[in-house]
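Chains as they are written, first to last, in UniProt numbering: chain A, 1 to 411; chain B, 1 to 411.
Since the hints were derived computationally from the structure, they do not count as laboratory data. Watch out, some of these pointers could steer you wrong.
The list makes no distinction among identical chains, and a pair is therefore deemed to hold if it is satisfied within one copy or across any two copies.
What the hints assert, rightly or not - Listed below are the simulated SDA-like cross-link pairs for lysine to any residue, each with C-alpha atoms no more than 20 Å apart in a straight line:
(1) Lys281 to Asn14
(2) Lys174 to Asp61
(3) Lys281 to Gly143
(4) Lys54 to Arg70
(5) Lys10 to Glu275
(6) Lys238 to Ile41
(7) Lys364 to Pro353
(8) Lys10 to Asp122
(9) Lys209 to Glu6
(10) Lys10 to Asn175
(11) Lys54 to Gly13
(12) Lys272 to Gly143
(13) Lys272 to Ala142
(14) Lys65 to Glu316
(15) Lys199 to Pro74
(16) Lys281 to Ile3
The residues making up each chain are set out below.
2 protein chains.
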Amino acid sequence: MAIINENYLKLQGNYLFAEIARRVNKYKEENPDANIIRLGIGDVTRPLVPAIIKAMHEAVDEMGKAETFRGYGPEQGYSFLISKIIDNDYKARGISLDEDEVFVSDGAKSDTGNIQEIFGLDNLIAVTDPVYPVYVDSNVMAGRTGVIDSSGRFGKITYLPCTAENSFVPELPKNRVDMIYLCFPNNPTGMTLSKEQLKKWVDYARENKSIILYDSAYEAFIKEDNVPHSIYEIEGAKEVAIEFRSFSKTAGFTGTRCAYTVVPKEVVAYTKNGEEHQLNKLWNRRQTTKFNGVPYVIQRAAEAVYTEEGQKQIKETIDYYMTNASIIREGLKSIGLQVFGGVNAPYIWLKTPKGLSSWEFFDKLLNEVNIVGTPGVGFGPSGEGYFRLTAFGSRENTEEAVERIKTRLEI
Amino acid sequence: MAIINENYLKLQGNYLFAEIARRVNKYKEENPDANIIRLGIGDVTRPLVPAIIKAMHEAVDEMGKAETFRGYGPEQGYSFLISKIIDNDYKARGISLDEDEVFVSDGAKSDTGNIQEIFGLDNLIAVTDPVYPVYVDSNVMAGRTGVIDSSGRFGKITYLPCTAENSFVPELPKNRVDMIYLCFPNNPTGMTLSKEQLKKWVDYARENKSIILYDSAYEAFIKEDNVPHSIYEIEGAKEVAIEFRSFSKTAGFTGTRCAYTVVPKEVVAYTKNGEEHQLNKLWNRRQTTKFNGVPYVIQRAAEAVYTEEGQKQIKETIDYYMTNASIIREGLKSIGLQVFGGVNAPYIWLKTPKGLSSWEFFDKLLNEVNIVGTPGVGFGPSGEGYFRLTAFGSRENTEEAVERIKTRLEI
Chain A
1 MAIINENYLK
11 LQGNYLFAEI
21 ARRVNKYKEE
31 NPDANIIRLG
41 IGDVTRPLVP
51 AIIKAMHEAV
61 DEMGKAETFR
71 GYGPEQGYSF
81 LISKIIDNDY
91 KARGISLDED
101 EVFVSDGAKS
111 DTGNIQEIFG
121 LDNLIAVTDP
131 VYPVYVDSNV
141 MAGRTGVIDS
151 SGRFGKITYL
161 PCTAENSFVP
171 ELPKNRVDMI
181 YLCFPNNPTG
191 MTLSKEQLKK
201 WVDYARENKS
211 IILYDSAYEA
221 FIKEDNVPHS
231 IYEIEGAKEV
241 AIEFRSFSKT
251 AGFTGTRCAY
261 TVVPKEVVAY
271 TKNGEEHQLN
281 KLWNRRQTTK
291 FNGVPYVIQR
301 AAEAVYTEEG
311 QKQIKETIDY
321 YMTNASIIRE
331 GLKSIGLQVF
341 GGVNAPYIWL
351 KTPKGLSSWE
361 FFDKLLNEVN
371 IVGTPGVGFG
381 PSGEGYFRLT
391 AFGSRENTEE
401 AVERIKTRLE
411 I
Chain B
1 MAIINENYLK
11 LQGNYLFAEI
21 ARRVNKYKEE
31 NPDANIIRLG
41 IGDVTRPLVP
51 AIIKAMHEAV
61 DEMGKAETFR
71 GYGPEQGYSF
81 LISKIIDNDY
91 KARGISLDED
101 EVFVSDGAKS
111 DTGNIQEIFG
121 LDNLIAVTDP
131 VYPVYVDSNV
141 MAGRTGVIDS
151 SGRFGKITYL
161 PCTAENSFVP
171 ELPKNRVDMI
181 YLCFPNNPTG
191 MTLSKEQLKK
201 WVDYARENKS
211 IILYDSAYEA
221 FIKEDNVPHS
231 IYEIEGAKEV
241 AIEFRSFSKT
251 AGFTGTRCAY
261 TVVPKEVVAY
271 TKNGEEHQLN
281 KLWNRRQTTK
291 FNGVPYVIQR
301 AAEAVYTEEG
311 QKQIKETIDY
321 YMTNASIIRE
331 GLKSIGLQVF
341 GGVNAPYIWL
351 KTPKGLSSWE
361 FFDKLLNEVN
371 IVGTPGVGFG
381 PSGEGYFRLT
391 AFGSRENTEE
401 AVERIKTRLE
411 I
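Make a model of the complete structure from these sequences and hints.
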């Protein structure tokens with residue numbers, strides 16, 4: 001008799017976005033003429049830039065000719081892409097990496113979800129709260145978390161609250177943790193750590209032989225100095241950190257699918273007997289066994305991000321979104337709302353006014369000004385009383401939304 | 001202290017293709033002028049057909065315009081592709097499927113590697129021997145297999161030998177097995193099961209509440225009647241079988257990456273307490289949590305496979321390879337070699353002459369006629385004494401290789 005993985009039964013339902021859809025649909029039925037603006041979406045809306053489109057057309061043509069056709073590529077990605085990733089994203093910041101330390105993949109979601117496979121089941125994990133749900137769910141599925149309690153917390157996970165009270169800077173855990181998920185610039189709060197703040201985590205990991213799983217999918221949005229783009233800007237991080245990057249938000253690849261993960265050869269974890277093993281080798285074995293690489297055409301698209309034209313063009317798109325972020329941030333501040341993020345990230349995280357719950361504020365925004373956002377509590381218990389808006393809408397919708405909030409929302 | 005997944009240490013090294021490369025390179029150094037022909041390769045060589053190239057160009061253009069740009073798609077794949085898969089690959093054979101029973105992915109390697117995640121660790125697995133290594137390795141990594149013995153077999157895996165003695169038809173296991181991996185047309189042997197032979201497996205699974213993981217990545221190469229293209233042609237299979245399909249060999253997508261997996265809603269597995277659960281729901285949860293869909297451009301490419309033009313064009317490519325298969329098969333038979341496969345699959349599996357081991361024959365072929373193939377023992381202990389050649393080379397190389405074997409190989 002085939003038995004299921006019973007850990008799946010411990011997962012919470014994917015209620016957040018389903019519940020949002022339910023409430024929006026109900027409102028639309030009752031108010032068919034309402035002009036609803038969605039600023040909850042975590043998906044980009046600007047098209048791929050011309051340099052990328054050109055590279056894709058060329059690669060498609062190559063695939064149509066026997067002389068230039070490409071079959072299986074290296075599971076880890078083509079050297080033409082990896083070399084440009086290293087030169088532009090790391091070497092330019094004084095970080096040296098070998099080509100076999102970078103693994104090209106179909107998404108940071110896949111990689112942050114799959115990375116836990118190379119770790120033992122007895123490791124204790126820590127996540128910031130609120131948090132991107134994939135870190136938690138992938139560990140629930142593997143059986144590392146125990147069961148969920150009435151507060152929405154899994155018994156064996158260490159939650160690191162990030163709220164206005166601690167300026168969204170997580171405190172070092174008091175109990176032992178072995179695997180630490182950090183995402184900066186943060187989704188959903190849009191907040192960052194300074195180099196000094198991140199250094200504390202690297203030092204902690206080195207002292208405790210823990211591993212930091214560092215998601216820097218939003219690094220391209222960093223505008224301020226002293227905010228690290230890569231964890232490897234911190235001394236010693238190569239011994240303890242795996243870094244995840246993505247072209248999704250950087251270059252509009254949410255529907256095009258390309259990302260990469262850096263696993264330096266210095267990073268080690270241990271057998272129960274204390275024997276050291278390179279995580280680079282384990283991840284390479286995982287990827288070569290269960291993954292067959294990113295489409296050639298897509299890798300050429302990602303390569304084009306690093307051309308002079310490509311860099312100029314994606315910067316324009318990022319500036320477009322960050323101008324939206326600024327419009328939202330300044331607009332909300334001007335009416336006295338407490339807002340966070342939106343400076344080094346495309347997310348604006350606001351404290352709900354008058355002590356409203358996340359869902360109460362969701363309803364208020366929908367009913368009074370026909371704007372859809374994301375309830376903060378959907379990202380974790382410490383997100384209660386917060387709300388996320390994103391900068392990925394069109395300029396027109398963003399301006400209209402802010403105008404409605406400023407002039408028509410009763411707060 | 002972070003602990004590794006110690007199951008990884010039970011894996012065998014990826015020695016097969018590394019060892020082939022080592023021997024070929026050594027030969028080339030010693031014989032720099034040798035004209036080596038590679039017929040060991042499992043990768044396609046013909047370009048993507050014009051209908052696919054056209055669809056990709058169109059989709060690339062859509063991605064460059066704000067009005068038609070696509071961000072995140074459904075993790076399970078776009079309806080435009082799933083509906084065509086169902087109509088062409090299933091409905092046309094009398095099999096009805098709902099759209100939410102088909103999951104589009106980046107490859108059958110990913111899916112056959114990942115599918116075991118939704119099953120408990122106490123399930124006993126069975127594989128044919130020889131076998132595609134991903135089925136075994138992904139279960140080793142998860143901890144279902146025990147350790148390997150000196151014969152190359154993992155203690156907790158049930159191996160089902162497929163050799164000339166049983167005409168490559170695996171016998172039903174005598175012990176209990178819960179998860180059964182079957183691949184037909186088979187890689188590496190190129191052999192198939194008849195509907196009657198496959199029905200025995202479906203009946204076994206229904207009686208024992210086992211699950212069949214059916215890899216039919218090579219179904220497009222089937223030429224003979226009474227060879228099932230889909231396991232769902234067998235009565236009752238929808239209750240017990242998950243089917244994997246791929247565009248890799250069907251339409252030359254090894255470097256383009258698109259596949260799909262069918263999980264009917266009828267297929268159930270159990271908790272230890274005997275509670276039934278739909279595997280469709282578990283797989284959906286796995287995919288939505290750890291995967292973000294196939295690139296839009298690639299899904300449009302796959303859709304073009306099902307146009308009238310696309311069908312005609314990919315058939316020409318398949319015929320090209322199958323003519324190669326026939327040239328190899330008939331050429332080898334004409335000099336008295338015992339050959340299998342190559343009729344409904346692009347693989348030719350030959351019994352080595354004079355009782356040579358797989359590696360001895362490899363060296364003989366390389367040294368005497370400069371042809372590289374794949375030693376059968378690399379696919380499992382029962383592959384010893386066999387050798388794989390593939391039909392994916394160019395016509396010219398295939399003809400030249402067969403001519404060399406016929407005229408210059410001493411057997």
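Verification of the supplied hints:
In the homo-oligomer, the alpha carbons of Lys281 and Asn14 lie at most 20 Å apart only across protomers (12 Å), although the nearest pairing inside one protomer, at 34 Å, exceeds that limit. Taking the shortest alpha-carbon separations for Lys174 and Asp61, neither the intra-copy value of 57 Å nor the inter-copy value of 53 Å comes in at or below 20 Å. Only between protomers do Lys281 and Gly143 lie at most 20 Å apart by alpha-carbon distance; the minimum there is 18 Å, versus 23 Å within a single protomer. For the homomeric pair Lys54 and Arg70, the shortest alpha-carbon distances inside one copy (18 Å) and between copies (17 Å) are both at most 20 Å.
Taking identical chains as interchangeable, the C-alpha atoms of Lys10 and Glu275 lie at most 20 Å apart only when they sit on different chains, with a minimum of 15 Å there against 32 Å within one chain. Neither within a single protomer nor between protomers do Lys238 and Ile41 lie at most 20 Å apart by alpha-carbon distance, with minima of 34 Å and 37 Å respectively. For the homomeric pair Lys364 and Pro353, the shortest alpha-carbon distance inside one copy (11 Å) is at most 20 Å, but the shortest distance between copies (80 Å) is not. Within a single copy, Lys10 and Asp122 get their C-alpha atoms as close as 17 Å, and across copies as close as 18 Å, so both meet the 20 Å cut-off.
In this assembly of identical chains, the alpha carbons of Lys209 and Glu6 lie at most 20 Å apart only when taken from different copies (17 Å versus 30 Å within one copy). Taking identical chains as interchangeable, the C-alpha atoms of Lys10 and Asn175 are never at most 20 Å apart, the minima being 24 Å within one chain and 32 Å between chains. Proximity of Lys54 to Gly13 under the C-alpha cut-off of 20 Å is found in neither arrangement, the shortest distances being 41 Å within a copy and 41 Å between copies. Within a single copy, Lys272 and Gly143 get their C-alpha atoms as close as 18 Å, and across copies as close as 16 Å, so both meet the 20 Å cut-off.
When the C-alpha separation of Lys272 and Ala142 is checked against a cutoff of 20 Å, the pair qualifies both within a copy, at 18 Å, and between copies, at 17 Å. With identical chains, the CA atoms of Lys65 and Glu316 are at most 20 Å apart between copies only, with a shortest distance of 15 Å across copies and 34 Å within one. In this assembly of identical chains, Lys199 and Pro74 lie within 20 Å of each other by CA distance neither inside one copy nor across copies; the values are 34 Å within and 38 Å between. Within a single copy, Lys281 and Ile3 get their C-alpha atoms only as close as 31 Å, which misses the 20 Å cut-off; across copies the closest is 14 Å, which meets it.
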